[in-house]
Structure formats: structure tokens, C-alpha cells
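With chain A's structure known, arrange chain B on it following the hints.
From first to last, the protein sequence lines are chains A and B. According to this note's numbering, the residues represented by the first sequence are 1 to 213, in order. According to this note's numbering, the residues represented by the second sequence are 1 to 253, in order.
To be clear, the hints were calculated from the coordinates, so they are not data collected in a lab. Just so you know, nobody snuck in bad clues.
Label-pair distances were calculated between CB atoms; the ranges are:
1. A/153 <-> B/172: 19 to 27 Å
2. A/200 <-> B/172: 33 to 41 Å
3. A/16 <-> B/97: 37 to 45 Å
4. A/119 <-> B/83: 50 to 58 Å
5. A/49 <-> B/158: 52 to 60 Å
6. B/84 <-> A/16: 26 to 34 Å
Each residue gets a CB set at the ideal place from its N, CA and C atoms; glycine is no exception.
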Amino acid sequence: MTPFVTMLQFLLPGLGVTVSVTLIALGLGGCIGALMAVFRVYGNPVVKGLAVSYSVVVRAVPVVVIIFILFFVISAFIDLSPFMSGAIALGFASGAYQTEIFRGAILSIPQGQMTAARGIGMSKAKAIRCIILPQAFRVAIPSLINEVTLVLKDSSLVFVIGVPELMRRAQYASASTMEPLLAFGTAACFYIVLTLVLSRLLETVEKRFAVQF
Amino acid sequence: MKVMTFVLCGMLMLGLCLTGAASAKDTIVVGTSADYPPYEYTDDKGDFVGFDMELIRAIGEKMGKKIKIVDMGFDTLIAGLQNEKIDAVIAAMQASEERKQKVDFSITYHEIKDAILARADSGIELKSVYGIAGYKVASQTGTIQEKWIQDNLIKTGKLPEENYFSYERVDNAAMDIKAGRVDVLHIIADPAISLAEKNDLKIALITTEAVSAGQSIAVTKGNTELLDAINKAIEALKADGTLQALMDKYKLL
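If we strip away everything but chain B, and leave its shape as in the complex, we get:
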């Protein structure tokens, strides 16, 4: 018993000693949610890869800073910035009004389009994104797409609330479409393509009608020094073609 207590205390001390290294000045700690290909995911070695990941490393290079990427759940990223657990967030995040009240956003580094996914054999044809109101609709929890559906389809009575399904993860939503539990999935277009390929779904519509926003990097509110440096780096990467090269590499639209 005494030995065990000793070992456990030792482990505790060790853990406590290992903390506190995160906030060195020449390193920017960047939070992400690494479950969203092609933007951010891990390879089988556990390294963070994807469009956002390569972009933030390129930004770090331009700024002359080291980048340390930490993975958190998407919902905790904003809280992480507010508590200064992390310096910046790159997670395919769009600068919505609500988020702008809590954190500051960089200039847009990638414009996005929306996609509607449906089963390949479903015969669902859409001309407008409003057309999804007649089906069972899915989207990802906490995304701009969910907010749009809530504001424009559910609150206006076009879509009955019981026909809307909020999924924590898009791959689960895609599986449920394949299984026939829901009819359409409203997500942003870039991940939709690989999701559709792997789950035998079809892209029923690609549009900028609902949400034509861009993705930005978020920083803690008031951290203008870091924000300016990030903005400058994004501009430089746009100008020298690195950004476009990354977009081509990850087949972004």
C-alpha cells in the first residue's frame, strides 16, 4: 500500500512538472479538432495533417514562430481561446457574428461553398437549398449550416422540427444517410466530396446560396499583435501562390 502511494505521488509530481511548457513566446499554440478531413485529421502515425494544418505551419514559418498543434473537441476551442489555453484556432472555422463576440478572427483564408448530400439512388434533385425542407435534414452540431437551417427553415415553419437531425460528427450523419435514416446532409462542400465517395452518396447540390462565408483563424479577443501577424502571413501566402498550391493539393473547391 505504501509503495503504491509513493508511486502514485511520483506520477502526480511528474505530471505537474511536465506542464507549463506551453506558453513559451516563440511558439504559437494552435487548437484544432482533428477529425475533419480534408482540413484537419491525423495520419496513422498520429501526426496532424490536412489543408489547415499545412497552412498554419506555413503561416508560422512566415512569422518565424514555431507552431504547436493541440487537438481539442470543436466545441471547446472557443473556450480554450477565452481561457488562453491556446493562442489561435484553425479548424475550418467560419467567422459568425456569435463567435465574433467571443473571439477575434483573421482575414478569410478560404472561401467555402455548401453541399447537400443524398443517397445515390434516392432520386433527390435540388435546384435551391430551400428544397431540402421537404426531406429529413441532417447537419453537424454547432456549425453555421445548422444555424442557417434553424433560422431559415425551422423558425419559418418550412421544415418541421422533428425532421431535423443534429449530428456531432459528419461521418455518422453520412452513415445514417446511407442507412436511410435521414435523407439529406447539409455540410460545407470540401469534406462532402470525400464523404460522398466513401459512403456511396451523391452531391445533390453545391451552392453559395445559404452560407457564403469564409474560413478564418481565431485568436483570443484583443490579441491584435498576433492577429496582425497572422493576417500579414496569410496575405503573403496568398500573394506567393502557396495558398493556392495547398488548395490544389487537398482538392478544395
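With the rest of the complex left out, here is chain A:
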């Protein structure tokens, strides 16, 4: 029992870091994703091109490279802590995937919705904001649950720039106790529990906004 307690002492402080990095990344990614998806579907050729290249390039580059670039290149100009640049880099990466999620969701809303909204005199922007996006968000939730679990696991990459999250804590524990199986096994349990809790939360949201038949 005692080695397990020691392991918890090592790992617990990392839990908060992992959760906050994940939440910031998801929030940022969600904002970027929704915006870029609207650009991709409704934008003029210039913003459409911008959105397409963002989503293509970022999805082609490994997340760890984005983290490095943000930390070492961009933060030479702006003073960002490792924690923030890690979270922002993850959010930037997740944004590209969420762009595709939201784009698919927007495209699933029947054309008639837009036509009808314009027909009763809404501007295009208002139609997108009040008619299309709320419906698209509901469609997007199942895919978003998937994205949440992916970002949660990607958050383990920020340790390369020195953010002491769960995975890095497990490495500390493994190095100083020489019990790698226990260390990484405990970390794995934490990730499973976190994933379960986060997806359960979103499932509640999904049920809350489900269409009643």
C-alpha cells in the first residue's frame, strides 16, 4: 500500500496541471474551430483560403513541433510561461481538428434553414449565429467528446517544455522510485478516470440538447 501512496503524492499535483492545460486548449480550440469552420463554409475566397490552409497545415504538423515552435520562436517576442505556451499550442492544434468537426456539423444543417432565415429578413451573419451554429453545435457534440479525449492525451506532450503535468510527474516518480510500472500504471488510471469524467459531462450536455421526438 505504501508505494502506492508515495506514487499518489508524486502524481496528484500533476492532475490539476493536466486538467487545466486540457480545458484551456479545448476552450481555445473550440473558439478557433467554430470561427474557422464558419470561414470555410461561408467565407469569401480570402478567408476561406486562410481557414483551409490553417486546418491543412496544422493537422499535418505533429503537435509536439507546434509546442516547440510556440515556446521557442513566438515566445521570443511575447513573454509566455511554459504552461501558457503549452496550453495555447495544444489549443491551436486542437482548433484545426475542431474546424473539421464544426465544418461537418454546419454542412449537416439543411440548406433550407439558411434560405428560410434570410427569407424572414435575417442578415447572413445573424442567420449563422442564431440559426445555423446552435443546431450545428448539437450535431458536433459526439465528435467533440472524441476530441476531448484526444486533447487530454496530447496534453502529456507539454512536458517537453517543462510543464510538470501528469506524465512528467510519472517520469519523476519512475526515476526516483525505480518503479516504472507502478508509476505509469497509476498515471494511466488517472487518464482513464479523467476521460470518463470529461466524456460523461459532455454526454450530459448532449442529452440536454438532444432533439425530442
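Positioned in the frame of chain A, the structure of chain B alone reads:
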């Protein structure tokens, strides 16, 4: 949705406000890679402990500066210095020629020896470090030992390339020796002893034949002011016996 956006923006702002405190003049930000006992590791409270950690704090005391230790992956330390994210690096780092082109090094604070680890029941006996060429060899990625193996064993054809295994972490390499996937591990001697004890391995050889270098503190290239102060502090700690006391405390060779 609006509430969530508000909360997230708040978190972002908070995070942005919390930055920028690192570069105060009376604090030296020191990078390390805290997964390398006995030099640098963490205790169960998450504090950085080990020979290097106590040494850098003693150096800070001599210099009259505060020391702030930040943990990064070993491979990112040099980049961190180049980008001035950190002021100095203490991470059992040896002043190799390649590293000297990128950063400046202090005087040596600890001379090191190499060790070859093997399974206790393997019957591997070595007289020279060149003797490992007949086995499956492991070492840690990016270390001087790896470079030596590459230059002296692989490039000269003594060791077939497929018999060399590069490990990100030495404890993984030690486990693979125990499991029989590789035969010998070439690392520096100090961590080898505790690694051997905990994994039932034996030390087949301790030598200075391959890599007889010392460990130094690295600073950003051109930061001579800090380098001089660090060198002076190391000299003082050598003279007053603190360094030797720390070496004894952590059972360094």
C-alpha cells in the same frame, strides 16, 4: 455557452498575467532535467533534490542570488539557453565540442567515470570498454557515451549498427537489460550504481578510457558575467570542502 467563454477568457488572462516574473535580476533561472538520480530528481513532495540541485543552490548562496529551478526535457535545455528562457543549465552535462559551439561552459565541477552495466548472471567480463562491441549495446540518447559508441564502435565497423540501441531514459534501458533484450548499458558511473542495485544488474567495468570528461554548468553563449560568477563560486566551494561533502553525501565516485 457565454458563461463558458467568459470563464475561459478569464483563465487565459490570468495565465498571461502570471508570466514574466521569471527574469528578475536577483534570481538565476536554472534549467535541469529532473529524472537522473543521483544528480537531479524529485522527492515525493515534488521538490528538486540531488547532487546538482544542492550544488547549484550552494553556488547561488555564494553569489548572493536566488536560484529558481525549472524542469525541462534534457534535449530542450540547450535550446532554452539559446532563447534565454533560462540563464543556466545544471544537468550532469558534459562540455562536448558540439555543445560548446552553442553555449558556454563553466569549469568542471565533477569529474566522471564511465560504467558498463550487464545482467548479474550474464557472465560478461570486460577488460576494456572496446570489449562491448561483441554484445548488444545500449546507451542514452544524446549523451556523450552515445556519441563515443557512434564514433569509435559503429563508424569503425566494430559494432554492427543493428546491435546498438538508443534509449530516451536509462531506467528503461536497465529494465531491458534485466529482460534480456540488450546485453550491456554504457552510462556514466554515478547513476549506474543505484541503477544496478535496483535492477539486479552488475557493474562489469568502471573506466575513464572512453569518455573522461567532467560535468559543467552551461550558460547562454556570451554571458561572461554570469559565467565568471559561477566559476568563482565553484572554486570557492571546492576550496572550502562543500563540494567534496556533497559528493560524499550522494556517494559520487
